[in-house]
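Protein chains: 2
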Amino acid sequence: MIKIIPIRGIPEVKYGDDVGEIIINACRREGIELQDNDIIVVSQVIVSKAEGNVVNLDDIIVSKHAEQLAALTGKDPRHVEVILRSSRKIVKVKGGVIITETKHGLVCANAGVDLSNVGEGKAALLPEDPDKSARQIRNRIRDLTGLDVAVIICDTHGRPFRRGTINIAIGCSGLEPLWDRRGEKDLYGRELRSKVTCVADELASAAELVIGQADEGTPAAVIRGYRYERGEKPAREIIRPEEEDMFR
Amino acid sequence: MIKIIPIRGIPEVKYGDDVGEIIINACRREGIELQDNDIIVVSQVIVSKAEGNVVNLDDIIVSKHAEQLAALTGKDPRHVEVILRSSRKIVKVKGGVIITETKHGLVCANAGVDLSNVGEGKAALLPEDPDKSARQIRNRIRDLTGLDVAVIICDTHGRPFRRGTINIAIGCSGLEPLWDRRGEKDLYGRELRSKVTCVADELASAAELVIGQADEGTPAAVIRGYRYERGEKPAREIIRPEEEDMFR
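Residue numbers (my numbering), protein chains in the order written: chain A, 1 to 248; chain B, 1 to 248.
Be a bit skeptical, because a hint or two may be false.
[Unchecked claim] Listed next, the stretches of chain B that the computed footprint assigns to chain A, with coverage defined by at least 3 CB atoms under 8 Å from CB atoms of chain A:
(1) 47-54
(2) 68-76
(3) 88-100
(4) 107-120
(5) 196-202
(6) 231-239
It should be emphasised that the hints constitute simulated quantities derived from the structure, not laboratory data. No residue lacks a Cβ here, since even glycine has one placed at the ideal position from N, Cα and C.
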């Protein structure tokens, strides 16, 4: 059995805050006794805030390009400017939606730049290096508790073909994000032909069942009982290179 | 807290089997006491087998088109023929991969036609109407136990931009597959602009953490403790119509 435990009662995170310590303190207050091999899933928004990846829209000088794209999409030109600065490529623009490839390589709407949950007149960018953020939180938890946990930084993304957003892993540390089962046999002894499961994304989605549901803003969860493969590969590995992609 | 409980010990499912009853019996044997509001996630492969959606590849007469596409992709021509018959449109062909739109409207590799876990020389198609299958299993469980559960039929799908497959919901009954939060306010009182979460897909992914991991073939799971919105909308609602899609 797997358990998904919400980490409630996390106060508003500010620039410079220690996310690892905040999680540990919240777990203690909530009576959650962390264990080795627990997976801590953390919403990117608190990581971004702690790392200072929040901009005041009033400080943004809007380029000509952003101006035009804003007119085309009906978005705030300052928001568009931040999106463009966070991107290395525009993938698609249609209606009010801008899909770009972020500096990390993620293909997503608005380069992940979010105006929600960050305060009026502000925008939260994605963490600079979410895999590094995950590693730091993991190391900090080890330093504070001696426990060896895995950490996933998650974000909510739309996707082609299907309505609604789901949570995915944009950073991770301590677990193999992709579970490669090629070579294993099926129930009838037939080799599984192309069975690579993105467990990091499935764990992120599972966590959103408690993260997303809390009105009071539960930005993290513990997943317990999932036997994952330990490893140091980053969530960056999940990103499909453009040349392998069928839809870019 | 949410619990994900594997339903182990389900025997090999055959044509005509009663999936609802099989699940109830397996839960009893495993000591899982089902409760109202539990969500039962069932892998499509056992539903397809029970509904007789399995074909012998030797019985398949291969069309010219399938022959050509097989030569192009290196696939078994009989497999390609079954893929084409299950599709209403070819979306993309690249390397050894054929992406089609299935008769249900799902955009996925091989129209979901699977050669794994079905026996040599056979192919399992997706259920004809997975929402109906979900409804039948749900009704059967209610008849047998008096319990009101929700049911999701899941399948493993690849996706653009990201490596590895994840589990998604291709059929559901008893819960709203999409959780529409538009109009709700964020932590700062700002209206959430476009917040529709595909909870059915997230539940399917969560379930695969126990379904996918079992070598002995655990084809179903119970998710307990998730407060979902009851409803009768089908998983078909999740499919984004082509005209709204940015990548078709």
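**OP:** Examine the segment 47-54 of chain B: at least three residues should have C-beta closer than 8 Å to a C-beta of chain A.
**Re:** violated (count 0)
**OP:** Please count how many residues of the segment 88-100 of chain B have a CB within 8 Å of a CB from chain A and say whether that reaches 3.
**Re:** holds (count 4)
Original post:
For the segment 107-120 of chain B, do at least 3 residues have a Cβ located nearer than 8 Å to some Cβ of chain A?
Top reply: It holds: at least three residues are needed, and the segment 107-120 of chain B offers 7 whose Cβ sits within less than 8 Å of chain A.
Original post:
Counting residues of the segment 231-239 of chain B whose CB is closer than 8 Å to a CB in chain A, do you get three or more?
Top reply: holds (count 3)
Original post:
How about the segment 68-76 of chain B: do at least three of its residues have a C-beta closer than 8 Å to a C-beta of chain A?
Top reply: Contact hint for the segment 68-76 of chain B vs chain A: violated, 0 residues under 8 Å.
**OP:** Three residues minimum, CB to CB under 8 Å: does the segment 196-202 of chain B make the cut for coverage by chain A? Let me know.
**Re:** holds (count 6)
The structure does not agree with the numbered hints 1 and 2 stated previously, though it agrees with the rest.
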